[in-house]
Amino acid sequence: METRFDKLSVRELADGIKKQKYKCEEVVRFFAKRCEESVKFNAIIEVFDDIFEKARLIDEKISRGEKLGKLAGVPVAIKDNILCKGKKMSCASKFMKDFVSPYSATIVKKLESEDAVIFARTNMDEFAMGGSTENTIYGPCKNAFDEKRVAGGSSGGSAVAVALGLCPVAIGTDTGGSIRQPSSFNGVVGIKPTYGTVSRYGIVAFASSTDQAGPITKTVEDNEFVLSILAGKDEHDMTTIDNDFSKAMVKKKYTVGLCKELVEKIKVLKEYPQFEKAVEKMKQEGFDYVEVSVPHILNSLACYYILTPAEAASNLARFDGVKYTSRSESARTLEDVYVKSRSEGFGKEVQRRIMLGNFVLSSGYFDAYYKKAKSLQQLLKKEFAKAFEKCDCILTPTTPGEAFEIGGKIKDPLAMYLEDLFTVPASIAGIPALSVPYAKGEHGLPLGLQFMGKERSEKVLYDIAKKFGGESYGI
Amino acid sequence: MKVDLEHLEYLSKLKLPESEKEKFEADFVKILDFVDEITKLDLPEEDKKKATPLSELREDEVKEGEFCDTLSNAPKQKDGCFVTPLVVE
Chain A
1 METRFDKLSV
11 RELADGIKKQ
21 KYKCEEVVRF
31 FAKRCEESVK
41 FNAIIEVFDD
51 IFEKARLIDE
61 KISRGEKLGK
71 LAGVPVAIKD
81 NILCKGKKMS
91 CASKFMKDFV
101 SPYSATIVKK
111 LESEDAVIFA
121 RTNMDEFAMG
131 GSTENTIYGP
141 CKNAFDEKRV
151 AGGSSGGSAV
161 AVALGLCPVA
171 IGTDTGGSIR
181 QPSSFNGVVG
191 IKPTYGTVSR
201 YGIVAFASST
211 DQAGPITKTV
221 EDNEFVLSIL
231 AGKDEHDMTT
241 IDNDFSKAMV
251 KKKYTVGLCK
261 ELVEKIKVLK
271 EYPQFEKAVE
281 KMKQEGFDYV
291 EVSVPHILNS
301 LACYYILTPA
311 EAASNLARFD
321 GVKYTSRSES
331 ARTLEDVYVK
341 SRSEGFGKEV
351 QRRIMLGNFV
361 LSSGYFDAYY
371 KKAKSLQQLL
381 KKEFAKAFEK
391 CDCILTPTTP
401 GEAFEIGGKI
411 KDPLAMYLED
421 LFTVPASIAG
431 IPALSVPYAK
441 GEHGLPLGLQ
451 FMGKERSEKV
461 LYDIAKKFGG
471 ESYGI
Chain B
1001 MKVDLEHLEY
1011 LSKLKLPESE
1021 KEKFEADFVK
1031 ILDFVDEITK
1041 LDLPEEDKKK
1051 ATPLSELRED
1061 EVKEGEFCDT
1071 LSNAPKQKDG
1081 CFVTPLVVE
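Just so you know, the protein sequences line up as chains A and B, in that order.
Positions 1 to 475 (our numbering) are the ones given, in order, by the first sequence.
Positions 1001 to 1089 (our numbering) are the ones given, in order, by the second sequence.
A portion of the hints provided could be inaccurate.
Quick list of in silico lysine-lysine cross-link-like pairs, DSS-like style, CA-CA up to 30 angstroms [unchecked claim]:
{"no.": "1", "chain 1": "A", "residue 1": "Lys267", "chain 2": "B", "residue 2": "Lys1040"}
{"no.": "2", "chain 1": "A", "residue 1": "Lys323", "chain 2": "B", "residue 2": "Lys1030"}
{"no.": "3", "chain 1": "A", "residue 1": "Lys94", "chain 2": "B", "residue 2": "Lys1040"}
{"no.": "4", "chain 1": "A", "residue 1": "Lys454", "chain 2": "B", "residue 2": "Lys1002"}
{"no.": "5", "chain 1": "B", "residue 1": "Lys1040", "chain 2": "A", "residue 2": "Lys371"}
{"no.": "6", "chain 1": "B", "residue 1": "Lys1023", "chain 2": "A", "residue 2": "Lys381"}
{"no.": "7", "chain 1": "A", "residue 1": "Lys283", "chain 2": "A", "residue 2": "Lys148"}
{"no.": "8", "chain 1": "A", "residue 1": "Lys466", "chain 2": "A", "residue 2": "Lys382"}
{"no.": "9", "chain 1": "A", "residue 1": "Lys94", "chain 2": "B", "residue 2": "Lys1063"}
{"no.": "10", "chain 1": "A", "residue 1": "Lys110", "chain 2": "B", "residue 2": "Lys1021"}
{"no.": "11", "chain 1": "A", "residue 1": "Lys323", "chain 2": "B", "residue 2": "Lys1076"}
{"no.": "12", "chain 1": "A", "residue 1": "Lys390", "chain 2": "A", "residue 2": "Lys40"}
{"no.": "13", "chain 1": "A", "residue 1": "Lys260", "chain 2": "A", "residue 2": "Lys97"}
{"no.": "14", "chain 1": "A", "residue 1": "Lys371", "chain 2": "B", "residue 2": "Lys1076"}
{"no.": "15", "chain 1": "A", "residue 1": "Lys371", "chain 2": "B", "residue 2": "Lys1002"}
{"no.": "16", "chain 1": "A", "residue 1": "Lys270", "chain 2": "A", "residue 2": "Lys251"}
{"no.": "17", "chain 1": "A", "residue 1": "Lys97", "chain 2": "B", "residue 2": "Lys1002"}
{"no.": "18", "chain 1": "A", "residue 1": "Lys409", "chain 2": "A", "residue 2": "Lys97"}
{"no.": "19", "chain 1": "A", "residue 1": "Lys7", "chain 2": "A", "residue 2": "Lys348"}
{"no.": "20", "chain 1": "A", "residue 1": "Lys348", "chain 2": "B", "residue 2": "Lys1063"}
{"no.": "21", "chain 1": "A", "residue 1": "Lys467", "chain 2": "A", "residue 2": "Lys454"}
{"no.": "22", "chain 1": "A", "residue 1": "Lys277", "chain 2": "A", "residue 2": "Lys348"}
{"no.": "23", "chain 1": "A", "residue 1": "Lys94", "chain 2": "B", "residue 2": "Lys1078"}
{"no.": "24", "chain 1": "A", "residue 1": "Lys323", "chain 2": "B", "residue 2": "Lys1040"}
{"no.": "25", "chain 1": "A", "residue 1": "Lys374", "chain 2": "B", "residue 2": "Lys1002"}
{"no.": "26", "chain 1": "B", "residue 1": "Lys1023", "chain 2": "A", "residue 2": "Lys260"}
{"no.": "27", "chain 1": "B", "residue 1": "Lys1063", "chain 2": "B", "residue 2": "Lys1040"}
In short, the hints are calculated from the structure, not lab data.
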């Protein structure tokens, strides 16, 4: 019988390859076949054409007795905004559809130096803007549990790929919830690390001050293992920090915080009974509870939709029809090249965010919106730090509910933005937040529980999640 | 809230199709009305003054970088340069 490689942990998979229980080539063939069988989900844009060659090289190294890295032969999918030298990368945008990466992102190099096989690129919302993976030139990515529902976003393809067992690990990026929300919608584990933990070099910038990459996996153990490989200071990204989180101390007993400003919002959710049950379960398992306050937490969402469009407007100015792949055919003057290339190349949501950003940065509005939002960000950081004096983590649902229907919110941008209520605060404050599956909603779809912690407390969040018992559903 | 769409298009180097302008503006105003709550907040003085802390800067040294062909994705190139339409008449 064929080995179900998708049922193994990342460590087991790599160990099996190293001990020659099976060949890397078999592993890669298994996952490539699963990708072929799951084309209808639109999770994978492209399985890279050199995976078998890479697998053979790994098998050869092993047969020669060479020592291999921690991810020996493990196929890793990357979101379509992460550069891998010589491979296409499009940000799911018409503008970038023919772009070929001239160099590799630091995280890709890190994965390769541990002998991972960079396996495929995954579907996403264009330039990582969106919460459903519907804003994409490749067609909407479908939820792993219900094809009529969204994958979540923007790292929808990465979450669905892991949930369906198309790869053992996928890398996503998270600016306001783009790893955690799709992880929640598809019953998998995703983390947005402390800002600066993972290098952004070679990842297409959306909002540089909150962008972070992180792993999406089936289990908490796998997630911790892969993040420890991705993390680290990088001379190419001056915002990176030394966050050797795996050395942090863990405790026997933890105090979980419930944020009083959010409790009112949580109580009105359809899935409140499930959340209440999770809290009860944690109490029975010996967790202490305390009410904490983050007075301005409910303003995070407004803060986020001022700061990140502003940064996006600036970051996306580089797409001008001169440097990156697309130029409007009808452009005659330089101004034409800019305006027509951008108007034809960017999708609606990207155009909206650029215009929002330019609005809040424009003369007459800068102080009232952008500057005020920056001040609020500072205040929120302090408020969170104070709350974490009383607790080890703050618990919330990851999303306000189950995955919604495809087409359900795409026409109402504000309704889509409100989906980010629970994920955005950690992004604004730069703190780590982990989403683990914990229950099912009224339609039987997975729900995620979010643990937010103070800066560099990833190890504590993983430990709490393990004690809680958050695991993937598996398909 | 009134929005000067034309000015925003100019700043953004974008041109919306005529048929989409009305819906775009309505959505845009809805979003602005939502984020407007921030303008009414009374924040402590110290947070207003505090600029975003800068990252630690590295030494400014010349180092061997990785060769990367910046022109490889240009829509038009010639003799190692990006090509644009005529800029000066």
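These are the hints, each one checked on the structure:
1. A:Lys267 / B:Lys1040: 27 angstroms, holds
2. A:Lys323 / B:Lys1030: Distance ~35 angstroms between A:Lys323 and B:Lys1030 Cα, so the pair is violated.
3. A:Lys94 / B:Lys1040: Roughly 39 angstroms separates the two Cα atoms, so the pair is violated.
4. A:Lys454 / B:Lys1002: 40 angstroms, violated
5. B:Lys1040 / A:Lys371: 13 angstroms, holds
6. B:Lys1023 / A:Lys381: With a Cα-Cα distance of about 36 angstroms, the restraint between B:Lys1023 and A:Lys381 is violated, given a limit of 30 angstroms.
7. A:Lys283 / A:Lys148: Measuring from Cα to Cα gives roughly 36 angstroms; hence the hint is violated.
8. A:Lys466 / A:Lys382: 28 angstroms, holds
9. A:Lys94 / B:Lys1063: Judged against 30 angstroms, a Cα distance of about 36 angstroms means the pair is violated.
10. A:Lys110 / B:Lys1021: 45 angstroms, violated
11. A:Lys323 / B:Lys1076: 8 angstroms, holds
12. A:Lys390 / A:Lys40: At roughly 47 angstroms apart (the allowed maximum being 30 angstroms), A:Lys40 and A:Lys390 break the hint.
13. A:Lys260 / A:Lys97: Given pair A:Lys260, A:Lys97 is violated - Cα atoms ~46 angstroms apart, limit 30 angstroms.
14. A:Lys371 / B:Lys1076: Given that 30 angstroms is the threshold and the Cα spacing comes to 39 angstroms, the pair is violated.
15. A:Lys371 / B:Lys1002: 21 angstroms, holds
16. A:Lys270 / A:Lys251: 33 angstroms, violated
17. A:Lys97 / B:Lys1002: 36 angstroms, violated
18. A:Lys409 / A:Lys97: 26 angstroms, holds
19. A:Lys7 / A:Lys348: Roughly 39 angstroms separates the two Cα atoms, so the pair is violated.
20. A:Lys348 / B:Lys1063: 41 angstroms, violated
21. A:Lys467 / A:Lys454: With a Cα-Cα distance of about 19 angstroms, the restraint between A:Lys467 and A:Lys454 holds, given a limit of 30 angstroms.
22. A:Lys277 / A:Lys348: 40 angstroms, violated
23. A:Lys94 / B:Lys1078: 24 angstroms, holds
24. A:Lys323 / B:Lys1040: 41 angstroms, violated
25. A:Lys374 / B:Lys1002: 24 angstroms, holds
26. B:Lys1023 / A:Lys260: With a Cα-Cα distance of about 37 angstroms, the restraint between B:Lys1023 and A:Lys260 is violated, given a limit of 30 angstroms.
27. B:Lys1063 / B:Lys1040: 49 angstroms, violated
Checked against the numbered hints given earlier, this structure breaks hints 2, 3, 4, 6, 7, 9, 10, 12, 13, 14, 16, 17, 19, 20, 22, 24, 26 and 27; the rest are met.
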